[in-house]
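A.B. asks: Could you slot chain B onto chain A? The hints should help.
From first to last, the protein sequence lines are chains A and B. With the working numbering, letter number 173 in the first sequence gets 180, and the count goes up by one each step, no holes. With the working numbering, letter number 19 in the second sequence gets 26, and the count goes up by one each step, no holes.
All the given hints hold, so there is nothing to weed out.
Given that identical chains are not distinguished, each listed pair holds provided it fits within a single copy or across any two copies.
With a straight-line cut-off of 25 angstroms between C-alpha atoms, the simulated SDA-like cross-links for lysine to any residue are:
{"id": "1", "residue 1": "Lys236", "residue 2": "Ile329"}
{"id": "2", "residue 1": "Lys315", "residue 2": "Asp302"}
{"id": "3", "residue 1": "Lys33", "residue 2": "His323"}
{"id": "4", "residue 1": "Lys355", "residue 2": "Leu298"}
{"id": "5", "residue 1": "Lys253", "residue 2": "Ser361"}
{"id": "6", "residue 1": "Lys286", "residue 2": "Arg265"}
{"id": "7", "residue 1": "Lys234", "residue 2": "Met8"}
{"id": "8", "residue 1": "Lys236", "residue 2": "Gly32"}
{"id": "9", "residue 1": "Lys253", "residue 2": "Ser350"}
{"id": "10", "residue 1": "Lys286", "residue 2": "Gln252"}
Hints listed in this document are in silico derivations from the structure and should not be mistaken for laboratory results. Treat the numbers as computed from the prediction; the structure is a model and nothing was measured.
2 protein chains.
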Amino acid sequence: MKPSVIPFKPSRKKIDILDQTRLPGKTHWVECKTARDVSRSITKMHVRGAPAIGVTAAYGFYLEIYSLLKNGKKITKSTGKDTKQFLDSSRPTAVNLSWATSRMVHEMETFFSENSIMPENLTDNKKIQNQLLTQIWKAAEEIHLDDAARCLAMGSNTADLIMKNVPKEKLNILTHCNTGSLATGGIGTALGAIRVLHERNRINRVYADETRPFNQGARLTAYELIKEKIPATLVVDSMAAYLMQKGMIDAVIVGSDRITRRGDVANKIGTYMLSVAAKAHSIPFYVVAPLSTYDDSIETGKEIPIEKRDEKEVTHIGGKQIAAEIPVLNYSFDVTPYENITSIVTEKGIFEPSGS
Amino acid sequence: MKPSVIPFKPSRKKIDILDQTRLPGKTHWVECKTARDVSRSITKMHVRGAPAIGVTAAYGFYLEIYSLLKNGKKITKSTGKDTKQFLDSSRPTAVNLSWATSRMVHEMETFFSENSIMPENLTDNKKIQNQLLTQIWKAAEEIHLDDAARCLAMGSNTADLIMKNVPKEKLNILTHCNTGSLATGGIGTALGAIRVLHERNRINRVYADETRPFNQGARLTAYELIKEKIPATLVVDSMAAYLMQKGMIDAVIVGSDRITRRGDVANKIGTYMLSVAAKAHSIPFYVVAPLSTYDDSIETGKEIPIEKRDEKEVTHIGGKQIAAEIPVLNYSFDVTPYENITSIVTEKGIFEPSGS
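Pulled out of the complex, with its shape left as it was, chain A reads as follows:
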């Protein structure tokens, strides 16, 4: 199952990254040939979504080594770690990024030790160079494929669960923010599950929340749904409860940025509001996220630090001021307590949060 929209096109010589900041207006690919190029694309948010960033960084690592060797530059003992450190600094909070680059460093160091070779001696040996490049390319590809496989498993698990729980031939699904192929190395998390339901011919219509203030729903999810030819409608965030009141929503599916031990879920601002409305209308509320989203170090959502972002996200659109001069509170995430969640679906199975 291949998504119609992908966030990057990797090859052995470069990676083309789709500039998501210009979507949906322009489909502009940014050509990246070095770690510096890739880092700039991550910083500028051409590519976003923790899993997608991790995969991009892995390819960025490979490309840096490829470019150094191709240009006859010396590789030293510290090149791997330096490249990792440089890439990691482009989005310091993205856990997947650091995880992916660590794996790449490990791969390179393993190559040197297994072949009993000093990095400095690589410059004159084309054959060994190619062996190294093939090995780290395969590692980056594996990170990519693993992520795609996890998306498929999550999508399939979620679709199975919803088809079991919601006795309806064709479903109307509400989703929030962007959790699709643009945010991952595969079909997505929540939006991946919607893709699987659509493939099984079980979708009547998807309602995509606009997702203020950054409009990921209106810009990115809407874009993916249309490209995927899934029947879809865009609504403003505050309309969700009214659609539920009118019986137009069968289930809500969202992603997550962090999940606590007892099953409280941090996700894009507005998710909690949706969960309250879903509960009031007895509509099932599903969270789809990889196991790596679990933070076993904390028990409740109160311990999750919630990022406040720039006021301009609310008061400006495309550089144009759309609000009066007034203080703004711009929490970027909120916390949905486990009681409001029907199930959390991961690549390994289903978790019914009970708070215990």
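C.D. replies: Same frame as chain A, now just chain B:
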């Protein structure tokens, strides 16, 4: 109690109308000297809000007669009704508009019959002309003052009720859309109540919902609150429930466009979502509206036709496309059932909807 922001400045020779479509960026006054000028301003939504439109139309009626007489034009038996018909056509659905112009026609016809004068004979008699103009000017002013008085009564009743029900010295209030002095001939309905609470030194902070898709909260309510020096914060609509979860909201106050016999309330899209969230957090939810908002012809909210508006309200801002090419559902209003409403406050007193 005078609001710091007013939607128009009437005088015996003209009315200056604040162009609300250019707020908050520009404070531009449109000078209107005839019914045609006033009608254009209503059509172009320089002035909006049913009560404000009614008052504007009354002054427009006066100005039309003033301008005809000043320019030596003939007044005929049909001039009043023609002027009314012309003004009414600028916003056919606004009940207050037609009500206000009917009252102006009645005032003029009463003048002619009480003074036993034929309209056609007015041209040559400056003294009678001035008497007529003074009488209809006073009628327009009375419509204006009546509206202002209704706002004060609603505000005072609401403030009394909240101070009785919410045992807290300083309150955090959430409101939605614009229901202030820009929408009425006085201090407003829901926002009027907030003004009264502020005057009584009982406001800690007002949270103004952005109110997608037309952003009346971000553009107009935020503007009024800042001008009024009321501590205020702008939030996106979907953040409301999260603020409630964090204990940051003591009461929700909103206006209404139509109220049914049993107390179901039609109001700006998003109002229902707020009522669901307020109920889930046991936060009181108040509707403030003049008695004229009641539609005694219907029992339940299901009978209220809900207007769907242009998709571009959602997909465009200031002419710029901000969403992917996707179908949009743009209900402009929703219905909050009586069970979710703590009290409906009018200029005459408090109504506790019980559904009976």
